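A.B. asks: So the protein lines, in turn, are chains A and B. If you read the first sequence in my numbering, its first letter stands for residue 91, the second for the next number, and so on. If you read the second sequence in my numbering, its first letter stands for residue 32, the second for the next number, and so on.
These aren't lab readings, by the way, just hints derived from the structure by calculation. Because the structure is a prediction, the values reported are computed rather than measured. Fair warning: there could be bad hints in the mix.
Some chain B residues judged to face chain A by a derived CB distance under 8 Å, without partners named [stated by the list, open to error]:
#1 THR37
#2 ASP40
#3 LEU45
#4 ASP49
#5 THR57
#6 PRO59
#7 LEU89
#8 LEU98
#9 ALA100
#10 LEU102
#11 GLY104
#12 ARG108
#13 LEU123
Each residue gets a CB set at the ideal place from its N, CA and C atoms; glycine is no exception.
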Amino acid sequence: MCKEYEQTYFFMLLADRWATHHDVERPTGGGAPVMGWAAALRLPLPPSTRLHQSAFHGLIDRFWQRLQPLIYAAREAAVNVLSPRRSADGIKRLWMGNQASEAPTRRHQADFGFLIARGLLDPKENLYFLGGKVSAEASAKLAERTIRWSPENLGASPYLSYGERLAAFLKGAWISVAAFFTKRLHGPGVSSGRAIGAVGDPRAQAAPQVMPDDNQLLLARAPRHGRHGRRGRAHGHLVYQRQQLQVRGELQRLSRFGCRFEHGLVVLIVWNRAVADLYMAPRQVEAARPKPLVAGPLMCGDSRRLSKKPEEARREFGLEGPSMRTVVAFDVLPQTRATRLRIGMGPSPYTPEAIEAFYGDLRAALDRFPDMRLLLKSKRTLATGVLYIPQALRDLTDPTSAYVLQG
Amino acid sequence: MVFLPTDADPYLALAMADLCVGMPFTSPLLAGWANGRGGIYHAPLRLARYSALTELALCLTQSREELLARLEGWSHRGEAPHAPSEFIAPHLDPAQELIQLVL
Numbered sequence: 091m092c093k094e095y096e097q098t099y100f101f102m103l104l105a106d107r108w109a110t111h112h113d114v115e116r117p118t119g120g121g122a123p124v125m126g127w128a129a130a131l132r133l134p135l136p137p138s139t140r141l142h143q144s145a146f147h148g149l150i151d152r153f154w155q156r157l158q159p160l161i162y163a164a165r166e167a168a169v170n171v172l173s174p175r176r177s178a179d180g181i182k183r184l185w186m187g188n189q190a191s192e193a194p195t196r197r198h199q200a201d202f203g204f205l206i207a208r209g210l211l212d213p214k215e216n217l218y219f220l221g222g223k224v225s226a227e228a229s230a231k232l233a234e235r236t237i238r239w240s241p242e243n244l245g246a247s248p249y250l251s252y253g254e255r256l257a258a259f260l261k262g263a264w265i266s267v268a269a270f271f272t273k274r275l276h277g278p279g280v281s282s283g284r285a286i287g288a289v290g291d292p293r294a295q296a297a298p299q300v301m302p303d304d305n306q307l308l309l310a311r312a313p314r315h316g317r318h319g320r321r322g323r324a325h326g327h328l329v330y331q332r333q334q335l336q337v338r339g340e341l342q343r344l345s346r347f348g349c350r351f352e353h354g355l356v357v358l359i360v361w362n363r364a365v366a367d368l369y370m371a372p373r374q375v376e377a378a379r380p381k382p383l384v385a386g387p388l389m390c391g392d393s394r395r396l397s398k399k400p401e402e403a404r405r406e407f408g409l410e411g412p413s414m415r416t417v418v419a420f421d422v423l424p425q426t427r428a429t430r431l432r433i434g435m436g437p438s439p440y441t442p443e444a445i446e447a448f449y450g451d452l453r454a455a456l457d458r459f460p461d462m463r464l465l466l467k468s469k470r471t472l473a474t475g476v477l478y479i480p481q482a483l484r485d486l487t488d489p490t491s492a493y494v495l496q497g
Numbered sequence: 032m033v034f035l036p037t038d039a040d041p042y043l044a045l046a047m048a049d050l051c052v053g054m055p056f057t058s059p060l061l062a063g064w065a066n067g068r069g070g071i072y073h074a075p076l077r078l079a080r081y082s083a084l085t086e087l088a089l090c091l092t093q094s095r096e097e098l099l100a101r102l103e104g105w106s107h108r109g110e111a112p113h114a115p116s117e118f119i120a121p122h123l124d125p126a127q128e129l130i131q132l133v134l
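Bound conformation, chain B alone (with noise of 0.2 Å):
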């Protein structure tokens, strides 16, 4: 177990990450998989169980049973949760995207 410093770039985890496990809809985790990293939003209480997007089953864990057992999936079989398209942005460097189409 390693503890990053808490003002380390967020990049700079996300990649060193195989694989990414973050509270629900947290920002990390929708770069990473932008990026080809697996992730997962785990929700231990069930915070997202009303979301409107049924597809976010496929990254979304709610309970310990839940979480182990997809990470065995994917210790196991190489099965890598990933977001429904929707949640997947297009481009790799939105900073120099950002750039372009705003400043």
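This is chain A alone, in the form it adopts within the complex (with noise of 0.2 Å):
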């Protein structure tokens, strides 16, 4: 309790005189001990004063902070390191997948199972990164569509041979060991180990690569006679977004895998101008402002359904009534906070009173517009028990609801 007490004592002084005072020194991270934070404050303690947590323990916590780090970082690269190896013949790209549920082994064709559908794609070229654990149902359904993966957390590692995989781990290990006494290198995409991928496969970077996620937003290809030119190698990424504000996060995600996605950068294919306004607008020099190119939305289906007319499409689907004008809803379904909770999310900004409200007004719609019929496509499965359903929805989807009724 004391220790708790004095750790929220200076980190609220600390807090205060941070607003005020440009002098304070800033403490080594959120946890820094509280002789750390007392420094910081250059605080004039009286000789009376006892501290429950001594310089020692602050000495110990410190230690301590750096040292998980590495410990983390030596396991990832033991697990890189003694992986057994695979071939990489044929494979022209990287593809980084989301999660295992999201694997393209589902009718709905999600990831880049559209692509291999239209026969836009060979599987057998794409080297596909899938994080979480995958089943061994999933397994068997990826390969029995040919479909090449690895885990995540491997990298590239398991297409590198043994000597590329020392070279790699030296090369990670003393950035980590530097991060450990330097603290200047301290950061999740250098010490967590993953730089035994960094260096990536020779053989897989000599094509363009290609590292989408479910969503997409900004696509991007590096230059092919930039950073790596004078080796003769090809940088391309794409990523995958659906919150602009995430884009940062995927590109640190990007750098386990080798890729230098920023410096160098060409050209940048987006969705809309809009998000090519967003990532230009703070980079000012000429340099780092790469050639934004617009793609449109690229969502897993077959794009060329649009070029019929909605009567025409309507009419194969079986959807008759010409009177009828229709309207189609798509939605996002939050998840509930207990699997927000249990997964460790913040809130989304589509909160359940936004999903609600949204349903609410679209049942008004109904109400008030009797020639008008409203489809439903909703984002998720209803009947998983992990995303909130607003009561709106169930009204309008109950098979006894007048609407349903009413088709």
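Two chains, each in its own frame: build the complex with the hints.
C.D. replies: Spelled out as structure tokens, the structure:
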């Protein structure tokens, strides 16, 4: 209790002084030892003050703080070095997936499944990095579709020779040890041991790399004759993102795979001009400004369907009724609070209150306009219990409701 | 009211639409606008009120009354809301475009 009280007291004092005194030094991170905070504050403690947490405690704390990432890095490096070798023959691009549940093993052609279905992509030329636990069933389905995949935490390691892995390990170890002692390089991309993957596979780098996720917002292609031009390597990176603010995090994620994303970037492929402006705005130096190309949104599906007229598409689907104007609603169902807490996620901007109001307003629109037909295309299945299902949506989809019975 | 399977092709839903309504900044509407469908971003709790794009008001409703008024205009006068040009992509088949650009 004394320790917590001291920590809180000094933290509040520091926060207070931080706002008004520019000469206050920044302590080392949120878990800084109390003596470090006192020193940062340049606090004249009276000689009679007896702190529960001594300077020795602080030293141990600081040592442990830095040791933890080193231990983690060592564990990751061991896994990377010792994993069985696989053949990289025929791999032309790397494709970064999101999680096992979104692998293209199902009917809705998630991730790059829609490109395979259209014959635009040969799965055997892809190396698919997949995060999370992949079930035996999912693994079998991936094999059935001839999709070559690798666990994300291994990076490109299984496709390197053991000598290359050792070289990468030494490089990663050097960076991690340097981070331990200097604290300047301390960061997840460096000290987590993913540096072992930062070397990448030269054979895979010999062709454009593609790294999408399930939702895409920003795509990018790096130069063929940039930093790696001397070695004749080409880099191409593709980032799919759902929120503009998450792009930065995705770039960090890419860095684990050896992608020097922003340096030397020459082409930026985006969904729309607004996203390009968002990305380019802080880059005032001409050399840091890639050429934006607007390609349009790319969802998992066949965009050629949009070449049909609405009446024609409805007729093919079996929706008749020429006098009905058709409104299609697309939602984003938020996760339940229990789900968020379980996986450590913060609240979504698409709150339960927002989705409740969204569907409530659509129901009001149906009541107001009897000649309007509503098609609901929910983004996620309603049956998992993982997502918050608003009452208005339950009412609309209830098989006994007047809305459903009217068709 | 028809509830499409959640794993249905989103382009199928878009193709059947005279008008789309979506939560702010979701992708299907971008594809819809690029292909001549009308669309409204509906943010009933005013989620999108701080956008830098002032023209966003063309395709944004922030209350039930605004949504109903916009639907009224579309239903009776054929005023399908469209997005600012910054939101509209030039390519009708982005998958094909992507293959040519990157793959």
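A.B. asks: Decide, hint by hint, whether the structure agrees.
C.D. replies: The hints, checked one at a time:
1. THR37: The hint holds - THR37 (chain B) has a Cβ within 8 Å of chain A, the shortest such distance being about 5 Å.
2. ASP40: The hint holds - ASP40 (chain B) has a Cβ within 8 Å of chain A, the shortest such distance being about 4 Å.
3. LEU45: Holds - the Cβ of LEU45 (chain B) comes within 8 Å of chain A, reaching about 6 Å at its closest.
4. ASP49: 5 Å, holds
5. THR57: 5 Å, holds
6. PRO59: 5 Å, holds
7. LEU89: Because about 13 Å separates LEU89 (chain B) from the closest Cβ in chain A, which is outside the 8 Å limit, the hint is violated.
8. LEU98: Holds, because the Cβ-Cβ distance from LEU98 (chain B) to chain A comes to roughly 5 Å (cut-off 8 Å).
9. ALA100: 10 Å, violated
10. LEU102: 6 Å, holds
11. GLY104: 12 Å, violated
12. ARG108: 13 Å, violated
13. LEU123: LEU123 (chain B) check passes; min Cβ-Cβ to chain A is 7 Å, inside 8 Å.
The structure shown violates the earlier hints numbered 7, 9, 11 and 12.
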